[in-house]
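Colleague: Using the hints provided, position chains L, H, D, W and A relative to the given structure of chain B.
Residue numbers (UniProt numbering), protein chains in the order written: chain B, 1 to 238; chain L, 1 to 238; chain H, 1 to 238; chain D, 1 to 238; chain W, 1 to 238; chain A, 1 to 238.
Be aware that a few hints might be false.
Unchecked claim - No more than 20 angstroms apart at the CA atoms, straight line, and that leaves these computed lysine to aspartate or glutamate pairs for EDC-like: (1) W/K80 to H/D146; (2) A/K82 to D/E77; (3) L/K106 to L/E152; (4) H/K151 to H/E77; (5) L/K151 to L/E56; (6) L/K82 to B/D184; (7) D/K54 to D/D103; (8) B/K80 to L/E44; (9) L/K80 to B/D184; (10) L/K80 to H/E45; (11) B/K105 to B/E152; (12) D/K105 to B/D184; (13) H/K151 to H/E45; (14) A/K234 to A/E25.
It should be emphasised that the hints constitute simulated quantities derived from the structure, not laboratory data.
6 protein chains.
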Amino acid sequence: MRPSGRAADEMRAITVQTGFTKHAEGSVLIGFGDTKVLVTASVEERVPPFMRGKGEGWVTAEYSMLPRATHTRGSREAAKGKQSGRTQEIQRLIGRSLRAVTDLKKLGERQITLDCDVIQADGGTRTASISGAWIALRLAVQGLLDSGAIKEDPLTRKVAAISCGIHQGTPVLDLDYIEDSSADADANFVLIEGGHIAEVQATAEGATYDEEGLLRLLRLARIGCAEIFAAQDKAVAR
Amino acid sequence: MRPSGRAADEMRAITVQTGFTKHAEGSVLIGFGDTKVLVTASVEERVPPFMRGKGEGWVTAEYSMLPRATHTRGSREAAKGKQSGRTQEIQRLIGRSLRAVTDLKKLGERQITLDCDVIQADGGTRTASISGAWIALRLAVQGLLDSGAIKEDPLTRKVAAISCGIHQGTPVLDLDYIEDSSADADANFVLIEGGHIAEVQATAEGATYDEEGLLRLLRLARIGCAEIFAAQDKAVAR
Amino acid sequence: MRPSGRAADEMRAITVQTGFTKHAEGSVLIGFGDTKVLVTASVEERVPPFMRGKGEGWVTAEYSMLPRATHTRGSREAAKGKQSGRTQEIQRLIGRSLRAVTDLKKLGERQITLDCDVIQADGGTRTASISGAWIALRLAVQGLLDSGAIKEDPLTRKVAAISCGIHQGTPVLDLDYIEDSSADADANFVLIEGGHIAEVQATAEGATYDEEGLLRLLRLARIGCAEIFAAQDKAVAR
Amino acid sequence: MRPSGRAADEMRAITVQTGFTKHAEGSVLIGFGDTKVLVTASVEERVPPFMRGKGEGWVTAEYSMLPRATHTRGSREAAKGKQSGRTQEIQRLIGRSLRAVTDLKKLGERQITLDCDVIQADGGTRTASISGAWIALRLAVQGLLDSGAIKEDPLTRKVAAISCGIHQGTPVLDLDYIEDSSADADANFVLIEGGHIAEVQATAEGATYDEEGLLRLLRLARIGCAEIFAAQDKAVAR
Amino acid sequence: MRPSGRAADEMRAITVQTGFTKHAEGSVLIGFGDTKVLVTASVEERVPPFMRGKGEGWVTAEYSMLPRATHTRGSREAAKGKQSGRTQEIQRLIGRSLRAVTDLKKLGERQITLDCDVIQADGGTRTASISGAWIALRLAVQGLLDSGAIKEDPLTRKVAAISCGIHQGTPVLDLDYIEDSSADADANFVLIEGGHIAEVQATAEGATYDEEGLLRLLRLARIGCAEIFAAQDKAVAR
Amino acid sequence: MRPSGRAADEMRAITVQTGFTKHAEGSVLIGFGDTKVLVTASVEERVPPFMRGKGEGWVTAEYSMLPRATHTRGSREAAKGKQSGRTQEIQRLIGRSLRAVTDLKKLGERQITLDCDVIQADGGTRTASISGAWIALRLAVQGLLDSGAIKEDPLTRKVAAISCGIHQGTPVLDLDYIEDSSADADANFVLIEGGHIAEVQATAEGATYDEEGLLRLLRLARIGCAEIFAAQDKAVAR
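If we strip away everything but chain B, and leave its shape as in the complex, we get (with noise of 0.2 angstroms):
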């Protein structure tokens, strides 16, 4: 029995609201339960320096916990004045995500930055931030290709991630923060439409697993990621 009552393979309800804020060019409020995550997708007009006169885009990503998302507060990492290796291990992986499913070249030498900002985390902020960063980011595409910036969409594919592990010797899905706390084995899965991996991250600091084990986590992902697709496509739906 989960702690939150939930079946092995039982989603938190996902929650999406498009346009959150004004400015950007694609914004979306993004609920894996408790988990809330603000994903902006911003547009500039240039490239970082190694990416100068390739006739390419970029897509990147930064990712920050508000400092009282968390049960207790935790040290704003402005003020601290570094990034945790948490912070920056997460923000590369949204950002190797996203790029996963963006043809660059279609992109032209312009920017486009997912800000990930937790305002209340309760488990699976990382995955929750990449499958609302694919959200605004194909907002902020569709902004593009509607003004004539760009000629062919970049973004064909859609692409969402899911935590699973093992909690009490079973496989669950969707792991919000008590079951992350007492898991035995935790894997995060970045999947492709498609039937695609784009990335695993699976971890067991107590208990390990075998091949079986990594299978049955994979086919959770893949049913968590099924619904996370649909909710993709009904937010950004015209």
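Modeller: Chains L, H, D, W and A in isolation, oriented as in the chain B frame:
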């Protein structure tokens, strides 16, 4: 005529949504028109080193803009590795304003931190922050009173803040971004209910004003704060 | 009775020693009683990035306390690796105050930096800095006019600053350290000759004041600034 | 055909030189072909603040590349003043991997730090680091057992890591730099002897893979780790 | 012929103004010609962590140039967020030089910090700093003896420093900025009265010198330090 | 009697292994007894900003200790976020020493960086670094000559460095860690073949020395450097 069509002494709509996040001891999403600030109050049972052993508490604030709260994306302070002078100036102002209405002795040896994170900016982010921070602080203090952690209410007066300025020669109340960018002079007033002044920060880069001009702005500020005090009362009514 | 024996509207002795250092285009050691600030004006034939290509100049300021300017040694900001919020707030104020009396177009595409280094502190370091910075700026601008680098004087009015406060219930002028530490309220006024206000920064951590109190402090500030304007005139007379 | 002429399931030569430096409680220079990493294990009789008073120990890791370990010189992180996100991600991975095989209670209240400094890089620096770190840790723990500082061996299983990837459509084992730069997908596996998985980090920026692809990479990883386990056994045999 | 018209073994005028600031336990404005350094000695009743519990004191130094001490404005280290290598090298040298004449046991468990702030630079700022720091330290120690805080004088010898160099083939004493910029070799000597050497830092980027050259510079340094010792005696005479 | 049993004028064994890493244009693992430093020379076809457009090259150095090069683990400078004063002082010394024997005009507009990473420390790390850096630089320059990138050899003399000190009253050559920790005085000499002095850094925290003492140390240094010059010759012989 103001760009927004408002009268000279007309505030933007004040919106208040308490309990916007669930972990904080007090939380509010406050809006002054399109300016939206999420304020959380976090209670910690310790005080900063310079207050230890005095039998008193402390109230402090941190302030930040989400990178895409603004028209164009600003760089993230956590990524740059330092807070700007503007950020530090604002968070010091918020802290002083709240301490002006808090009896630190009655608070006991604990700290309350007000985190003010600007979700969307359209002028007046510091005044919305102060006005919202009072609500979050009030909610957190109420919790301490309800639980018996403190016996006497350390917070017996309300504090609110509003900006005024001289726009095209006319003193106006509650500047939005368009007015703020082109104002001849700009003043932020922090007022305490009952007519007292806690802080004045008046600046004139372009024009300057005289004693009479300062008083006209102060009178507008009284009008605006009266409206904010009413919204605060409504927000914390039980 | 004030601790120093001064009358309520009595300034400390203002001392001005121009040419205190030889390399700077303008330099002055200004004293408000025991508060001593060395201000240098440095002219550079370039402007910061945000001003490039506008055909205008820029005036900016930096502020620092020597570690043992104060009663007990403070840590050196260069050793700590960052400037405090207080330092940044003050140097922003100094820069704005000087720009309030400078016609940046007439200055041409060059920058003048006012470095205000507090040699000894006894209250009022920011107001002495502003008042002295005008002298250093005036001397540097005079050099540019004399050499023909600029044709029209970009600096046609004087600016000065003074602190006032309510000490034991009485509004007093030019607070020294003892008064400042125990004042109920503290206000810094930056005034321009001719009666205009450039900046007001009024704070009341303990008590608060009302409109009448603010005006009484402003009137004291006028008295103090008149004396500073006279000292400035004398210092730059040729 | 692989650029190196190796078979798809063929590792590079593993070289192990224990006792490479004399001060550390354990030290090894490990090579996976031209990738050379110096790993030292340092025992300290204290634990980090978050572990104090629990009666348990801690195992952590730091990772760095010498500036000219690579084809072109990279900037020195100490000179830049911060560690990159990649560095932090890798050192967190190394630490977790070693903790997965360490019984922290049996270690007692002390910390062992694994410093992994890449002397020469040719792909697979993080996997060589983990594999070498186990040897250094084993040597340090043996010293603690020999001296009687600890009674029971906290380290009863081996851990090793290897990268696999899809290169020109073929799954291959132990990617060198040339393969890594052009791989369609890249996965790092951290395996524990006995067939268990401690960590999987699989990334596909260009292509993606499906379940079958992931399993093929995992099977290659088992082949590689078997070879590393043998080299580890030989290195620590007494 | 030297640019200044001085003889090869002729010092610039040494000026000493003790009590330049009022808060420090010892303070002096020392001048070697146009080089002016303000040195303050601050006594604190605590020692740094590495000296705790030894029953000994510590003497340390910090050094800084005001941004416009030099011909062209240098950037402020506090604003840049770090001290340059040159700054750190000099402050370490000053600290070592003063400790060479201090009996730390007799000082008792307290720290004296010598802050050397260069007001105006014209070559020889580190040697003026050391020579002035001895005066400030002597004054602070005298205060400790007078108050009875310490019983025995920990400072029984004087220390002074001077630069020498080879300028256009001729060994010269006390280089000013013009000579320093074009010198073939440059050496700083820290000497203790009675003929002993505390430190030699001799550098030859352009030319080099031989044993005889080094000795000629050392002999010039003796002449210069004799003059500084006399000035120190006069400054601290009661 | 020296702790190591060496004669007063006896060097530790000098070991030199060129080509220790494969990517660098020059690389060497140099040992002075148990002190082992890896030095790489990296050629880059650009110069730092202050050298641009002069048609000259630049030679610079960076220095670091691996955290466990020493008896007890030191913290990693990259993790602390800054280089210590000692590190900066040493890398400045290495750079100056190499530039003393390099004709920057003949090098052409390119930079050579000498990275000196201490693998194991037992005293004399800076002198081993300088002595090894010359070898790495020589190898890199030889590559530039061989490829025709430069026409004339910019490096016509050798430079070497050695420490000497007064240990228990006796002047001794090439101090190891035990001697260094207890030496009365310590001097590092950087000598150029042919008898010239490039740098002297002589320090006496405890005792002091006189002219005769300095000369005796210099003469020991000549003995040591002669031996290093021979080792350098042998290392770069083709």
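Colleague: Hint by hint, say whether it matches the structure.
Modeller: Verification of the supplied hints:
no., hint, result
1, W/K80 to H/D146, "violated, 34 angstroms"
2, A/K82 to D/E77, "holds, 9 angstroms"
3, L/K106 to L/E152, "holds, 6 angstroms"
4, H/K151 to H/E77, "violated, 39 angstroms"
5, L/K151 to L/E56, "holds, 14 angstroms"
6, L/K82 to B/D184, "violated, 37 angstroms"
7, D/K54 to D/D103, "holds, 13 angstroms"
8, B/K80 to L/E44, "holds, 18 angstroms"
9, L/K80 to B/D184, "violated, 36 angstroms"
10, L/K80 to H/E45, "violated, 28 angstroms"
11, B/K105 to B/E152, "holds, 10 angstroms"
12, D/K105 to B/D184, "holds, 18 angstroms"
13, H/K151 to H/E45, "holds, 16 angstroms"
14, A/K234 to A/E25, "holds, 19 angstroms"
Checked against the numbered hints given earlier, the structure breaks hints 1, 4, 6, 9, 10 and satisfies all the rest.
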